[in-house]
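A.B. asks: Each chain, written out:
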Amino acid sequence: VRPRQVTSFGTRDQSSIEDLVQTEYPRLVAAVTCVTGSVPLAEDAVQEALARAWESERRGVYPTHLGAWVVTVALNLARSSHRRRRAERRAYARTGTPSVATSQQPPAMEFVSLVKDLPLRQRQVVTLHYLLDVDVQTMADVLGISTGTVKTALSRARSRLATQLEDGRDE
Amino acid sequence: MDEMSDEHVIDQQIRRQASSALLDVQTAITTEGPTQVLGDVRSRVHGRAKRRRLVRVAAVSGILATLITSAVVVGHDDGKSGVVASNGATNGSRERVVENVGGDIPLVPRGNVALAAVDDGLFLWGGDHDNLGFGDSDVFSDGAIYRRSAKRWSRLPLAPMTASSAKPVAVTASPGVVVLARGTSTALWLDGESRWQEASTAPRAVDDLTVGGRHVYSYSAGATFDIDSRSWTPVPSPPQELSRPVVAWSGTEFVVVGGPGTPFADVEAIAFDPVDRTWRTLPPWMHFNAAALAALGDDGQVVVVNYDLQSARFDSETNSWSRLGEIPARSGEWIPTLLAAIGGPVVVMFDGLYQLDGESWRVFDERPPQESADGRVEIPTTGDWLSTGDTFWRAGVADRQFRIEMLRTSNG
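Protein sequences appear in the order of chains A and B.
Heads up: the first sequence begins at 494 in our numbering, then just goes up one per residue.
Heads up: the second sequence begins at 24 in our numbering, then just goes up one per residue.
If you are wondering where the hints come from, they were derived from the structure by calculation, not from laboratory data.
The C-beta atom is built at its ideal place from N, Cα and C for all residues, glycine as well.
Heads up, a few of these hints could be off.
As the list claims (entries may be wrong) - Negatives, chain A to chain B, calculated, CB over 12 Å:
hint, residue
1, 519
2, 628
3, 630
4, 634
5, 640
6, 652
What the hints assert, rightly or not - Coverage of chain A stretches by chain B, computed from C-beta distances (three or more under 8 Å per stretch; other residues unrestricted):
hint, stretch
7, 521-528
8, 615-627
Pulled out of the complex, with its shape left as it was, chain B reads as follows (with noise of 0.2 Å):
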């Protein structure tokens, strides 16, 4: 009786706070009126109808066209697997080549897993599965390495890591040695040893890791990590705290740039300098928004993106921000996933992949592997992405079947 009436007064008590929130939210917001309402959902549905139209003619063309280029650039590749195009009327000599390599992975499909780069191929490690959507998570603690000379998986021995539901990150911190964290538990997978050692915890919860030189950073975790010592050691408290950072290396301080908190306020920017432990902030640049910024670091250079498809970079030797040119991306195509290096040239990735060719953008690649509506790159942003050299990793669930996608660019 006492337990039924104890779950009667918490079920008013939630009932109270439910009607609170929904009369407070009902009052504050104006939502768009429902002439303008049924105007969206009817663009949404009648442009994703077009769009399907679109893709079905695309996809005769693209076969044709992915016949003929196969035809040129298929001596390039092993001529087995994958799908390969190239761009000869804009970039002759650069091609991209997709592979599945997930076919033969030994682990259960499953998202947001850590991503490392070893030598000749891929780390893959925890993660976790939903259940298609519905009830609580299945969390994993087992990994395994794909080597792209043998072209075959391999699971990982078991990991010196605490359970724990947080999304796990690694990072290369130098060849052949990842660091491996989960929440605050920390782990080195030694590759040429084929090992794991047990790490110290982190201070904090390490939602992200970045090296820099010999140095290990992560913001999240407020500490530095030693590889030598296996051991974080906290950092001075930055000079103000950022939401959403993103982490660079410039070559001689971990860049963090981020919001003050509230959405689409300019971003700012602070520096830590590992070697003498201290924070600065750098000098204020041009308005920025600060949602969903990738930064990447490159010879004493940071570059980073927005979704207004904006970019700027910062210098390092004259502590100055400079404006760079507006992304060519598409309308709607706004959301940098991946910033990073690959074969030289910068590119950024939205739905497709663009250069930074001096102080402008312009498209990487205007023929997709897959055809897109209007003839794009067309490039999923699901999954869990690492670049490495010249390739793009990217793991993700299709069909309830592990798909780890190996996207590789040359400039030939």
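Next comes chain A alone, as it looks inside the complex (with noise of 0.2 Å):
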């Protein structure tokens, strides 16, 4: 299964943010989810990128590339503890109930595992470009920097994934 071009890089317009909640709320939730390994985590980071995005707007400043941009912004988000326990806290006041942990998805939790030792950078080419098939322009444009940087990282992620993966045959 292909995951599906994200339908709102690239467009601007006044409701591009509900735009994009509509149609692609779950599908970067997930993503960021891919990588945190914590749903409510995921939620509540996307939740604030897409505030950031909205107060960004309301200044006159619009990112392009929103859906990527929302991904990159919420894994920077996503990477403090005291997020993750007030994220927590929160899905707990909401429901009662713990969230779905993602610990009871094997094939989820093997690609968090495989992603988790990745430097932040490495880690937001590889959730924008095999998550969400972002392509390299718009990754470059949305990160702030060269292709050329995009595909090294890219590229040296991949041998550390490989390396993983090999390790993980061999066991």
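Work from the hints to combine the two standalone chains into their complex.
C.D. replies: Structure follows, in structure tokens:
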């Protein structure tokens, strides 16, 4: 199953955030969950990223490639353990029960453990490229780096992941 | 050609794993609906806008309040630096002083440092800097000491520590002796002699260090450290493995409180006697969320808090738990960053300071040195914290500058 293209990339109009939430929100949360291993954390981080996009638009600054931008910001935010605890607490307060944890889904956990030790930039490009099918130019735009740097990060990530995949096979 | 083909195979493998993971998660989770999500996002945006407006208003009134209170209490301070505040309305004799002593620190700004108390000051070592969120982190293996009396920093000599990206931890094992660990590497800083001593490596990575009497214990390393022989000794396996453990010295035992591994399950507590080198399981207690706990031992008792604003006390003599009153923190202020005894009372810090008074908690200081939206203490919860005697230390980075704050409290 190939992930389908995030349709909101590159579009811009007054209701772009609403459109993104309407069409892509579960998918963006799922992508961030695949990296963080926590649904409440992913949901909290994506919502916070959306809020920041909203605030940015109010100041007249429109993030390009909104979906990729939101995921990138969310991954940055999700690095904080402080935010992790708060997100879990919010989820608990909202539902009264623990949120679905990815520990029940082995393929998801395999991916989480595969990418968890990658440096942030490599994690960003792996997420955008492999989970959301974002092209190199868009990643370069969103991350504010050159396409060459994106390719280097992807290549380094692949090398590290290849080693891990080989180690996994040996075990 | 082969290399390209290998890369293509790896690429396909990663893509398959990613697709499978994404499909798996999408099938399993239920996110909020679009209306609810947009409502939540709007609340965040509007809440922050409202808060900014309130802070602007509070800033004006706060400046006035600080001018008034400084005039009252500045005589207790050196009068030169820091922000002084007193809450005359509720605790007339109590005062708080915040001072940034990080200006002259001879180290590159960083986070995740190891902090420990030394005579008349602060020991700071290691840490990392994540290059503003991109790429690999820089890991540091240098440190410095701040002397309060001289009000100056001095660099530490090179420590006999091996390279590691693990977060360093440090603890004052006895006056003037700091145990420093990073990964399994361990060393002693002898402050009186201004020199390092090598120590044996720990059996496992050291994430925590707790001092009890002459004993130094690490739950993560599964061992005790002896400062005379400078060596680690493994302890027997605990009766159960606890996730997110917090450790406190009760006076006779190291009490370990943590979860059984699943979020939101009740916590469990076990205790290790460092003399007999035996474990016991503490009696069960009331429902208590496992995550985000802090614990503090004090005269045969251990106080534990969580982010449901619940707290409980374990009494070694009666071998029983009792529930304490709810912490009067604001809604949303649920993360206890530090639990410490400063100047006698037990204080828990969420975004503010709360003091245990008998069986109930009360606000420790209502008038903040930094203005908050609703007039309460507003303390940054980021950075690395240490409490020593009557002082909280916080090391953090702001505007790319190292900021080491001394937050002194006194009961006057």
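A.B. asks: Each hint needs a verdict: does it hold in this structure or not?
C.D. replies: Hints, one by one, checked against the model:
1. 519: 5 Å, violated
2. 628: Its Cβ never comes within 12 Å of chain B, the nearest being 14 Å, so this holds.
3. 630: 18 Å, holds
4. 634: Consistent with the label, residue 634 of chain A stays out of reach of chain B, its closest Cβ about 15 Å off (over 12 Å).
5. 640: 16 Å, holds
6. 652: 8 Å, violated
7. 521-528: holds (count 5)
8. 615-627: As far as the stretch 615-627 of chain A goes, the hint holds, because 3 residues have Cβ atoms under 8 Å from chain B.
In the structure shown, a violation is registered for the earlier hints numbered 1 and 6, in ascending order.
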